[in-house]
Amino acid sequence: MSILKGTVSFSGLWVYKDDHTDVRILGAIAKILPDLFSLQSVQKAIVSEWKDELKATSAAKSYERTTSITVQPNQGNPETPYKFDLPKWHEMGEGIAIPSIPAGRNMEDPVSHAHGGFQPDRNPTFKKFSTRTMRPVVNFDTCIKCTLCWLQCPDSCFDVTPEGLYDANMQACCGCGVCEAVCPVKECVTMVNETEFSDNSSQWEDWRKDKDAYKTWLEDKIKSHPERSHGFRYRGQYEEQIPEMLEIAREK
Amino acid sequence: MAVATVIEEQRKSEETALITGSEAIAVACKLADVDVITAYPIRPYDTVMQYVCKLVANGEMDCEYIVAEGEHSQFEIVKHASACGARVFCGSSGVGWMYAMEALTVTPALRIPMIAMVGNRALDDPGAFGVEHNDALTVRDLGWQLVWVDNAQEALDTALIAYRVAEDRRIFLPCAISCDGAFLTHSQALVKIPSQEKVNEFLPPYNRGDLLLHPDNPITVAPQGNEDWVMEIRRQNYAAMERSYGVIKEAYADFGRIFGRSYGNPFFEEYMTDDADIVLMGMGTLSISVKVAIRQMRKEGKRVGFVRMRWFRPFAAEELAKSLQRFAAIGVIDRDYSFGSPYLGGVLAGEVRHALYPGPGKKPPVVDFICGLGGREVTVPDVQRMAESVYNAAEGKAQPLTQWIGLRE
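So the protein lines, in turn, are chains A and B.
The numbering used here puts the first residue of the first sequence at 1, with every later residue one more than the last.
The numbering used here puts the first residue of the second sequence at 1, with every later residue one more than the last.
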């Protein structure tokens, strides 16, 4: 397994070809498979195709930075990946018609046991959380209940709590980051890399049970792990970032 | 070396490129100097149009490139351009091809030698991007020539051959070249690109002759007919298809002579059939899994062969029957469906059984396997399962005539 650390492309979709991902991969391949082609031939091809010395430099930098480790079979994450059990043809409904999700239920406060709010029932078989690379952490103390996160979430992941706060349900959240982008309060909703978490427990329930502990946990998550896996926190962030990236690439 | 000599050398030489099936066909359009191309986006065929417009933008190709507002217009425009003497190219996939259906029916009827690429795609609903052959097959009765290719080299070569055959005055029928969606349209392989000189030697210019729509040639095309006229007009298309067997053979022979690449029998490819007990049949890129499986089975002493249909229309029934009668049983892999057909079998199996039935020779049992629909892979274990069933049939053990392979059941 070879690793090349770098800034991920926008939304993981590699929309902007000028971020040099393509030439960095070529440099990495030259390092891993020197019998296939050399760094020199990569750089020669880059210069002849794009007439861009900076791209050739990026390839060389990636060549230097690529590291490899040997991975044995069955080494690594011991968790069983989530498996879908797909239905047989005769178990499926006919007419390519998908039954709509049944409504939902009240939420129950873990401390006061008050009932209220609304938690939609979610699709029992298709779990979008399995591909999540980052998740929102919510500061329930600073929330002004503007409802924008709940409204704008493309998958209706926010459960409405009995007191009218919005709890991102980790069973449903796929980690798109729209909630962070629309929240008007600074650091009320913050996207944090998914590797910082190990379960889908409810943040609101944790906050209700121990507000101080939750606050500490939240601040720790936000402070040391601000990196989004993809996308931007606010409009204009890409325009701000790209000159910085080019500067870094230009550094001799 | 003088510049002129360098250019001359390049024109004569053959280069090799790593390109997709779609790009191979775009390159063939460039070599064939196509005059009018209409495009409309639908995946997976539209990569061919992306490559074409790149060639046009780079000045490597001189043609009218029109983006129509839908597939119906797309196919109508090139039909009319062809009627006016332009060499044309078009294409679509799946439901896009369906959207053009009215144009597709009239194209062969008017003897328009349009070359179209179909990037085989599953029909909606439920809608999938993956490969199924039904889209191209929907025109199988109308007078379109239909050919399936399974690699990028064959795609390029067949496109050139298709122009030669379709535009032959004895034929003047459109030809649809089917490339499996994604598996061929989007996968790259090394392709030898012939020189312009050789292509010019192989492919004469398009000459519409007395059917040309032009003020100097006052004709009316496509008036409404009635029961006094329709049968005779249809009979003319029948004759053109009859002649196409011979024209196809001529074209392939010439192709082999000029380009040094011979395909042998143009209508179908035979793989390890010389000593085979049983054969499997199919079209398109499933051939790759089948050939891998056959080599594995051969190591176990099972002598299985494979017949890959290239030309579906015209269907070389007599030649195929003659070949198939050598085997104890036949398994047809249908990457398509035909609900309600005899024995609920797929399209290819129906054609194969039909080819065998009238002939004088033996009629081996034919088992039909529906497999690989919607882009699901035809895997090597799938093929081994099929061969097992065909062996059972060869031994006289009754097998279900139509079997669905790789299905969750």
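Rather than coming from a laboratory, the hints here were simulated on the basis of the structure.
If you're wondering where the values come from, they're calculated on a predicted model, not measured in any experiment.
Some hints could be false.
Unchecked claim - Ranges of calculated distance between the beta carbons of each label pair, as one might list FRET restraints:
| # | chain 1 | residue 1 | chain 2 | residue 2 | range |
| --- | --- | --- | --- | --- | --- |
| 1 | B | Glu377 | A | Glu79 | 20 to 30 Å |
| 2 | A | Ala249 | B | Asp124 | 43 to 53 Å |
| 3 | B | Asn392 | A | His90 | 23 to 33 Å |
What the hints assert, rightly or not - List of simulated lysine to any residue pairs, SDA-like, C-alpha gap at most 20 Å:
| # | chain 1 | residue 1 | chain 2 | residue 2 |
| --- | --- | --- | --- | --- |
| 4 | A | Lys88 | B | Gln403 |
| 5 | A | Lys88 | B | Tyr337 |
| 6 | A | Lys88 | B | Arg408 |
| 7 | A | Lys88 | B | Gly406 |
| 8 | A | Lys128 | A | Asp155 |
| 9 | B | Lys302 | B | Tyr391 |
Unchecked claim - Going by beta-carbon spacing under 7 Å, a handful of chain B positions derived as facing chain A:
| # | residue |
| --- | --- |
| 10 | Asp125 |
| 11 | Ala128 |
| 12 | Lys249 |
| 13 | Glu409 |
All C-beta atoms, glycine included, are put in the ideal place defined by N, C-alpha and C.
Each hint tested on the structure:
1. B:Glu377 <-> A:Glu79: 20 to 30 Å: holds, 27 Å
2. A:Ala249 <-> B:Asp124: 43 to 53 Å: For aspartate 124 (chain B) against alanine 249 (chain A), whose Cβ atoms are near 45 Å apart, the range 43 to 53 Å holds.
3. B:Asn392 <-> A:His90: 23 to 33 Å: About 25 Å separates the Cβ atoms of asparagine 392 (chain B) and histidine 90 (chain A), which means 23 to 33 Å holds.
4. A:Lys88 <-> B:Gln403: holds, 16 Å
5. A:Lys88 <-> B:Tyr337: Holds: lysine 88 (chain A) and tyrosine 337 (chain B) sit about 19 Å apart, inside 20 Å.
6. A:Lys88 <-> B:Arg408: holds, 5 Å
7. A:Lys88 <-> B:Gly406: With Cα atoms ~11 Å apart, lysine 88 (chain A) and glycine 406 (chain B) stay inside 20 Å; holds.
8. A:Lys128 <-> A:Asp155: With Cα atoms ~9 Å apart, lysine 128 (chain A) and aspartate 155 (chain A) stay inside 20 Å; holds.
9. B:Lys302 <-> B:Tyr391: Between lysine 302 (chain B) and tyrosine 391 (chain B) the Cα gap is close to 9 Å, so the pair holds against 20 Å.
10. Asp125: Holds: closest Cβ of chain A sits about 5 Å from aspartate 125 (chain B), inside 7 Å.
11. Ala128: violated, 11 Å
12. Lys249: With a minimum Cβ separation of about 43 Å from chain A (threshold 7 Å), the hint on lysine 249 (chain B) is violated.
13. Glu409: holds, 5 Å
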